[in-house]
Amino acid sequence: MNWSDLHKRSTELAFEAGRMRATNRADAEGMYLQAAELEVEAFDSIPLDKPRTRGIIGVSAASLLFKGADYRRAADLALQLLNGEPPTDVREQLQGILQAVWSEEAKREAAVKFLPGQVIVSLSGGEIVTGGAPLEVIVSKVQNIQSLFIRTIEYLSDLPFRSRGPAPVEIRDYCRPWLFQAPAGSYQFAVAVEAPKQSDMFKSHINPREITDKFLDIMQATTSDTTERLEQIVDREDYRDAFVRLTRNLSPTGRSYDRVRIYSYDNPKEVILSADARTYTNEYVASLMPADKEAEKDTIIGVLRALDLDRDWLEIEVKDRHQRITGLEDAVDDIIGPLVNREVKVTFLRSGRRMKYLDIEEA
Amino acid sequence: MLQLRLSDLHERHPGLTPAMARVFFEAASVCLARHHGSPIDFTIERESTKTEAGVDWLPISPALRAAYANTIDATEAGAYAMCLAALELVAGLVAIQRAETLTGADYYVAPKGSGIDDLEGAYRFEVSGVDKGRRTLCDQRLRAKMKQTQEPDHPAPAIAGVTGFEQQLVLLSPAIES
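Note that the protein sequences, when read in sequence, are chains A and B.
Numbering of the first sequence is given in the numbering used here, commencing with residue 1 and proceeding in unit increments.
Numbering of the second sequence is given in the numbering used here, commencing with residue 364 and proceeding in unit increments.
Don't read these hints as lab results, they were simulated from the structure.
Just so we're clear, the structure is a prediction, and the values are computed from it rather than from any experiment.
Hints are not guaranteed to be accurate.
Unchecked claim - Here are the simulated lysine to aspartate or glutamate pairs, EDC-like style, with alpha carbons at most 16 Å apart: (1) A:Lys8 / B:Asp481; (2) B:Lys495 / B:Asp436; (3) A:Lys8 / B:Glu374.
Said to hold, decoys possible - Which residues of chain B face chain A? A few of them, derived with a C-beta cut under 8 Å, are: (4) Thr380; (5) Ala396; (6) Ile403; (7) Arg461.
Said to hold, decoys possible - Rough simulated footprint, nothing fancy, chain A against chain B, three-plus residues with beta-carbon under 8 Å: (8) 409–423; (9) 450–458; (10) 517–529.
From the three backbone atoms N, C-alpha and C, an ideal C-beta is built for every residue, glycine too.
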């Protein structure tokens, strides 16, 4: 058999394994390993004078070993290929595989157990450099992703919508953000979901393995498609609004970063947030505002200096003057809280001297 | 009238297995039937050239609809059938190989009749689908895909394709070189 015959057989197995993975992970991993063996053989049969072909099939073989959970061989093959000075794109992919192996090994060595299906969040452009980013940007985005994850778990658990205070401790313990080293050109971190404990009060309501899938579905629906799609994915209006506003907080404003890529090693879905995502989420939020009071609607840009959700007000500093905006009853803690001390745009209704809150986003 | 041929893609695209071709065709059928009755006309746009082509699809049974109930997954799979058939029709390019990546798989396309043993000159084909929504959504998606093909970890050269199922539209980018 020549390399393409071996590769074709490998492709058939890999495609079937991909379809099986959501329902039977163990069998899928076994099938991926069979595909990997054939792909390694195919790679070894490709003539040395075809560097691009060797690079593509080499990445494929290492990826299949990774998906088959043979992390050591995946790393060994990636290192072997990197020693051969591959083309830039192949090198970047091999480095990604190595990084994924290190993440999996770190998870295995940790005292706690994690579910399969961590989500990787990669920021790039703007002020982001290879493996580095302004601390406040990263801290705020990690919080943002964690809020989205917690909301996803609350939604899947069919809990009442929470507009004030933190989520129950059982929910918060469900997921923890883990920071990992970045591949070239971006800063990235991973969110791994901790396996539920035996006493978990939510275990009867939720299949933990759904969390990552649902999280990616929600992210896709909030940014890149129609309201109907979003309504299909999230059937509760309160949660839907919170997801859209949290996603908007994550979308680039163009200053600190230009692009957010959210993906998983366990799921082919991928979410890209660019400036378009902010436009789309803003359109959605605008559609929720009272249409009959357009003339009274106004916006103000300044730094959010103070916030008291219990007393229903926030204060914006504009040119050394503080302006108070009231009527925050619809504001949600984990959406507005992370914006304190950041430059924000507040949309409000003006009624005489009173400014009634409608919406807030990072400026 | 030209035809977008969605059935038996594996017979013309050597990079597809019969199982892949079946999944793509079934998914495309479910996505098309959400908005239209078979047959309809689609517009394929590439480098300011517009091509009109007819398309027909499988009758949709409840079982088939249930098998592709996840709209997001079905739209992505269906977009592969539409975009590959469109690329074949307007550019004479067919899928010659599929290769795994860490997060999914890439498809490589080359002129019809090219050997499948050589990926040196093949284009990576980046595909996306839009179930429902405005034309601008398809344009945005194509721009995002084209930008993605220029990321350092994405193999070049590449071509991007977007199918708008409700819009009856396939957008194909020009070849994007490294």
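Restraint check, 8 Å cut-off on beta carbons, for Arg461 of chain B near chain A: holds (5 Å)
Go check the segment 409–423 of chain B versus chain A for me, would you? Three or more residues, Cβ under 8 Å, otherwise it fails. n = 0 at 8 Å, threshold three: violated.
Quick one, are Lys8 of chain A and Asp481 of chain B close enough, alpha carbons at most 16 Å? Since the Cα atoms of Lys8 of chain A and Asp481 of chain B sit roughly 13 Å apart, the hinted pair holds (cutoff 16 Å).
Can you take a look at whether the segment 450–458 of chain B is actually covered by chain A? Rule is 3+ residues, C-beta closer than 8 Å. That given contact is violated, which follows from only 0 residues of the segment 450–458 of chain B lying within Cβ reach (below 8 Å) of chain A.
16 Å limit on alpha-carbon distance, applied to hinted pair Lys495 of chain B and Asp436 of chain B: Holds, at about 14 Å.
Proximity test - 8 Å, beta-carbon atoms, the segment 517–529 of chain B to chain A, at least three hits: It holds: at least three residues are needed, and the segment 517–529 of chain B offers 3 whose Cβ sits within less than 8 Å of chain A.
Go through the hint on Ile403 of chain B and say holds or violated, using the shortest Cβ distance to chain A against 8 Å. violated (20 Å)
Would the stated hint for Ala396 of chain B survive a check requiring a Cβ distance to chain A of less than 8 Å? Violated - the Cβ of Ala396 of chain B stays beyond 8 Å from chain A, reaching only about 16 Å at its closest.
Does the closest beta carbon of chain A sit nearer than 8 Å to the beta carbon of Thr380 of chain B? holds (5 Å)
Next pair to validate is Lys8 of chain A with Glu374 of chain B; report whether the Cα-Cα distance is within 16 Å. holds (14 Å)
Hint compliance for this structure: hints 5, 6, 8, 9 are not met, and every other hint is.
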